[in-house]
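Here's the letter readout for the chains.
Protein chains: 4
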Amino acid sequence: MPLIHSGTQGVFVISVTPFGEDGTLDRDSLARVTDFYLEKGADGLTVLGMMGEAPKLSAEESREVVRITLARSGEAPVVVGISAPGLAAMRDLAGFAMDAGAGGVMVAPPSTLETNEQIVTYYANVVEAVGPDVPLVLQDFPLSTKVRISNGTLGAILEATPSVVMLKHEDWPGLEKITALRAAEAAGRRRTSILCGNGGIFLTEEMARGADGAMTGFGFPEMMRDVVALSRQGQTDRAQDIFDAYLPLVRYEQQPGLGLSLRKYVLAKRGAIASAALRKPGGSLSAAAVAEVERLLDRQARRLAELA
Amino acid sequence: MPLIHSGTQGVFVISVTPFGEDGTLDRDSLARVTDFYLEKGADGLTVLGMMGEAPKLSAEESREVVRITLARSGEAPVVVGISAPGLAAMRDLAGFAMDAGAGGVMVAPPSTLETNEQIVTYYANVVEAVGPDVPLVLQDFPLSTKVRISNGTLGAILEATPSVVMLKHEDWPGLEKITALRAAEAAGRRRTSILCGNGGIFLTEEMARGADGAMTGFGFPEMMRDVVALSRQGQTDRAQDIFDAYLPLVRYEQQPGLGLSLRKYVLAKRGAIASAALRKPGGSLSAAAVAEVERLLDRQARRLAELA
Amino acid sequence: MPLIHSGTQGVFVISVTPFGEDGTLDRDSLARVTDFYLEKGADGLTVLGMMGEAPKLSAEESREVVRITLARSGEAPVVVGISAPGLAAMRDLAGFAMDAGAGGVMVAPPSTLETNEQIVTYYANVVEAVGPDVPLVLQDFPLSTKVRISNGTLGAILEATPSVVMLKHEDWPGLEKITALRAAEAAGRRRTSILCGNGGIFLTEEMARGADGAMTGFGFPEMMRDVVALSRQGQTDRAQDIFDAYLPLVRYEQQPGLGLSLRKYVLAKRGAIASAALRKPGGSLSAAAVAEVERLLDRQARRLAELA
Amino acid sequence: MPLIHSGTQGVFVISVTPFGEDGTLDRDSLARVTDFYLEKGADGLTVLGMMGEAPKLSAEESREVVRITLARSGEAPVVVGISAPGLAAMRDLAGFAMDAGAGGVMVAPPSTLETNEQIVTYYANVVEAVGPDVPLVLQDFPLSTKVRISNGTLGAILEATPSVVMLKHEDWPGLEKITALRAAEAAGRRRTSILCGNGGIFLTEEMARGADGAMTGFGFPEMMRDVVALSRQGQTDRAQDIFDAYLPLVRYEQQPGLGLSLRKYVLAKRGAIASAALRKPGGSLSAAAVAEVERLLDRQARRLAELA
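Chains as they are written, first to last, in this note's numbering: chain G, 52 to 359; chain H, 52 to 359; chain U, 52 to 359; chain B, 52 to 359.
Just so you know, the hints here were simulated from the structure itself, not pulled from any lab data.
Computed from a prediction, not measured in an experiment: that's the story for all the values here.
Among the clues, some could well be false.
The list treats identical chains as one, so a pair stands whether inside a single copy or across any two.
[Stated by the list, open to error] For lysine-lysine, the following DSS-like pairs were computed, each having C-alpha atoms within a straight-line distance of at most 30 Å: (1) Lys197 - Lys91; (2) Lys331 - Lys91; (3) Lys320 - Lys228; (4) Lys197 - Lys331; (5) Lys320 - Lys197; (6) Lys331 - Lys228; (7) Lys197 - Lys228.
I would like the entire structure built from these sequences, with the hints used as guidance.
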C-alpha cells in the first residue's frame, strides 16, 4: 500500500478510536468511520494519534486498530502514531504497522526533552530504532508535548534524518514556521510535506503560507477537503467563506480534553460511529455542552446553505 | 472612584501599554487608548495585565500607567494587575493603586504553586499583604500561569477570602467551571462576578452559562459590548451573528505572543495608539501577517455591513 | 509467593535491568543480580522501576524480567512497577505479574495530573483497572514525576483506596510528610507501610521519623540493611556512622541520569552483573567519572574498615 | 570597589537576608552576617540571590540590602542578583548596584525560555539592558529555573556576550559541564570563571574538574574555604576529609525550601544573625528538624575534632 513521502498533499484525517459504552473496542464502528472519512474527502488517515486515545489501548488493541483500518483504507495511505515512552515499544509497533501496509509512522517528542540537542538526538534514535526506510512524521505540537522545536532544531532534524518526510505542524503560533520552512527549501534544503493540525483553526492561512494540507480530526472532513482544494485552486475567498461557516464549531471543538467528546458526538450524530463514548479516563458532555453543539450545528447548516 | 464588587457586570477591556518605536512609554497614546476603550463600550478597564506588558515596566512606569489611566477613566472602575514574584512588591503597588483611585487589583497565581493547598494559602497571603478591604480579582489562566485551579480549590478560596469579588475566567476549557460556580451560588455560596478572557473566543457560550461579561483586550471592544448586551437581552442569535462576524479575527488574535502585536496593529490602525511597537523583548509582525490581518479586517467589515 | 501489606518492613532493592553491550537483555546477569541483592540483605525487590529502565523494554521483555526475577526471589516479595501512559497496559502487566507470583505493583502518577482531585481520581482508576485485591505501592517522587502530592491528597487516596498498602516515599524534602503520615495514623487512619527512596540519602532521619525501611537501588544494599536494622534496634549513632561512611558515594550516585550508570558500574565491579551498559538512550561514564567513583570506593572501604 | 572578572577565584558566599520575627529587614544582622562571612573565609559575597529571599523584597529594600552589604564588604567583590520578570527592573537595579560599588550582577534565565535560541537571545537582551561594561554572572540552576542550558548554548552565550565573565554552576549533574567548558577553553575559547553552587555538595569533584571555587551559602563558609584552598594546593585527600566531615549537614541543608530555614538556624546559632525567621511566605523548622540538625552539628564538631 502507498507510502507517504515528502511530496504528500491533501487531507489526512486523525481517526478516532470508537468504543462501546462499556469501553470495549468497537470494531464495526472503526471500519465504518474509516469509510466515512474516505467518503467525506480524506486523502489519507492517521490512526493511534493523541485524539485516537492511543495511550489507552493495550498493545494488542493498537495492532487491531491498525489491521482494521488498513483493511478498509484501500489506496489511501495510513499513518500510524507510535509515540511511546521507550524505543523498543516504538520499534515493535512500527515494524508491525509497516508490515501490515501502513504508509508511515508518526512520533511526537516526549516531554522530557529539554534542549535543542536532545530533540535532534531523540529523532536520530527513533530512526535508528524503526529503521531508516520507514517514512516518519514529526508531530510538532508544543501545547501538548511541552517541547518547543525551533526552526533551527527542525532544520537540524530534517538535515540529519532523511526519513522524516512530513511535519504534522501544530505549533501555535506557527504560521511563520511554515514560511521559514518553505524559505529554507527555496534556499536549497530538501522538501518536506507539511500537513497542519490544531483542529484546522488556521487552515486558510496555513495553506497560503505553503502547507500541503491538513492532518487533524475535525468532525466535518469535507471542510478540510474544500478549503484545501479551493486554496490550491487560488479561490481563497471562497475557501475562507467555507472555513468561516465551520469556524464556530472548529473553535468549540478546540477545547482541550472536551474536544474529543465533541468530535465523537458529531461523528455519532452523523452515523459514522455507534457511540460517542470515550474510554476511561475521559469525560462526557454535559447537557449544556450538547445544547451548545447542537445550536452550532444548526447555525452551521444554515450558513452552509446560504453559501451553496 | 468606583470599586468593583461581586455584582460587577459588563466589559472590562484589558488595556495595552503604548510605547514609542524607541520603547519609551507613550503617555499621550495611553490617554488616547483609554478614551477609545470607553467610547467603544468599555464599562471598566484593566491595566498592567499580561497583555499590558506589565512585567516589562519599571516600578515607576507602572505607577505612571495607573495615574494616566485613572486621570481619564472617570466613573469607569479600573482594575490594576499587581502580580509580582513577591508579596512586598504587590503590597506596594496595590497600596499605590487604591490610593490613586483604582477599583480593585488583580492577581494571577505564580507558576511555582503545585497543590490545591498551596493555591489557597497563596491567596490568603495576598489578601494579608494588600489588606482585606481591597477588592481582588483572581485571574484563572492556566495556559499562561501553568496553575490549574479546580472547582474545589476555587470554592475554598472564595469561602476563605471574602475580598476576592471577581474571577477573571480564562481556564480552557472553562464553560463547565462557570456552570459549577453558578450552581454553587444557587446552593448557597456567596456571589462572585465572572468576567471572561481568552480574547473573547467563547464569549457567547460563556454568557449563556452565567458570566457577567468580558475582561479581555480584543481590538474591537464593540464586539464584546454588543455580545454582552444582546446576550443579557436574550437575543442570543443576534449576539452570535455579531460574534461570528468577528470570530476569524478573534481566532487570529489568539495566537500566543503574536496576538499582542496584532492587537496593537489593529489599535494603531484604528487611531487609538500612535505606534504598534512592543517593548523589548517582543516580536513584530511579518509582512505576511500584516496581509493576513488586513484581509481579515476587510472581510469583517463586509460581513458586519451585511448584518447591519 | 508473599504479598506486600501495610505492615511490610525492611529493605526492598530497586533492581537494575542488566543489558549486554549490544543492548540485549542479559538474562544471566538478571538472575545473578537478584541473588546478589538477596545475599546483601534485601528483604524484597522492586523490578521495572524507573531505575530498572522499564520504559525502554518491550512488553514481552518486561514480562521476562518479572519471570526471571520471580524464579530466583524465593520467599522475598517482589514489587513490579507498572506505570504506563494508559490503564489498559497497566492492567495487563499487573495481571501478568500477580499471576506469576508478584507481591504487589507500583504506580507513579503521570506528569499530566495537575490538581489534587485529578491525583485522587487517577489512583481510583488504577485500582479499578488492576483490581481491588492487588496490593499497590504509590510512588511519590515529584522530582521525577512533576506531580506534588500534598499530605491531604495522600490522605484522601489512602482513605479511598484500601489496596494502597505502601508508600514509596521520595518527596524531597519529605521528612515532615513521614511525620504527618504517622501522626494521622495515631489519630485513627489505617496504617501504611512507608519505604523510602532517593537513593537512601536521608535514610537515618527517615527511620527516626517512622519509616519502615528503604526502597531504593544504592549499589551497596548492605548499607541499607545495616542502617535499617540498627535504627530499629535504637542504635542510632552506630547507624549514622555506617551511613556516613557510605554517604560520599550515596551523594555521588544521586546525580540524575548519571546515577544509574554509576550504580551499574558498581554492580559490575562487585560481580553482580556482567556489563554496566545502559540500553539506549542512556549515557556512559567518562574516564573522569570512573576515577571519581573509584576514589570514593577506596575511601569508603578504608572508612568502613576503621568502623569495623 | 573591585569587579569580578573571568579570572576570579575563591569562595563567594550567597548571603542570607536577615529579618526580624515580624518580617522586617534586620539591618544590624545584615551588617553582622556580612562580617561573619568575611571572617570565615569568604573572598566575595553574593546578595539578592534565590537564597537571599530576593523576590520577597520591595525595590527599596533590595537597594538597602546592597547598600548595607557594600558598606561592610571592603575589598571583597559583591555580586548582586538582579533576576526579575522584566528588563526594565533589571536595568534599574543593575545601575544602582554598580553605581554603589558592586562587583557585578547575576541573572538566572526565566522559566519561560524554551529553546536554545531563546536562551541566547535572552542574555543578549540582558546585556543590552544593563550595559556591556557590567560584569555578568550566568546562574545555571535548572532544578530551580526549569531551564536546561546545553554546553552548546552556553558556548554560544560566552562567545556572543563578552561581559558574561562568570558561571554560577549548579546544573545537576554538572561535573561533565565543567570538564567541557575547560576543554573548550583549552581549544581556544576565552576563559570564564566557574564558581559552583548546589550547597557545595559536589565541591571536591568540582574543584578537580577545574572549577575556580564555590558560590553557595552553606552555613559553614570555612568548609568551602578549606576545601577550595586544599584542592588548589593539591591536597585532595585532606580536602575530602574536611568535606566528608561536613557532608551530613551539607546534604541535610540541600532540602529545597527547608534548606534556607536550616541555614538561617545555623547562622543564628553561630551568632551571625539575630533571628532565623524567614519572611512570608516561608516555612519554619519543626522540633524534629531542629533535633536532627542539632544532632548533625554535634557529630560534625566531633568529627572535625578527630581530624584536627
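Here is how each hint holds up against the structure:
1. Lys197 - Lys91: The answer is neither: 33 Å in one copy and 38 Å across copies each exceed 30 Å.
2. Lys331 - Lys91: within (29 Å within a copy, 43 Å between copies)
3. Lys320 - Lys228: Between. Shortest inter-copy distance 26 Å satisfies the 30 Å Cα cut-off; intra-copy 36 Å does not.
4. Lys197 - Lys331: both (23 Å within a copy, 23 Å between copies)
5. Lys320 - Lys197: Neither: 33 Å inside a copy, 35 Å across copies.
6. Lys331 - Lys228: Between copies only: 21 Å across, 36 Å inside.
7. Lys197 - Lys228: both (17 Å within a copy, 25 Å between copies)
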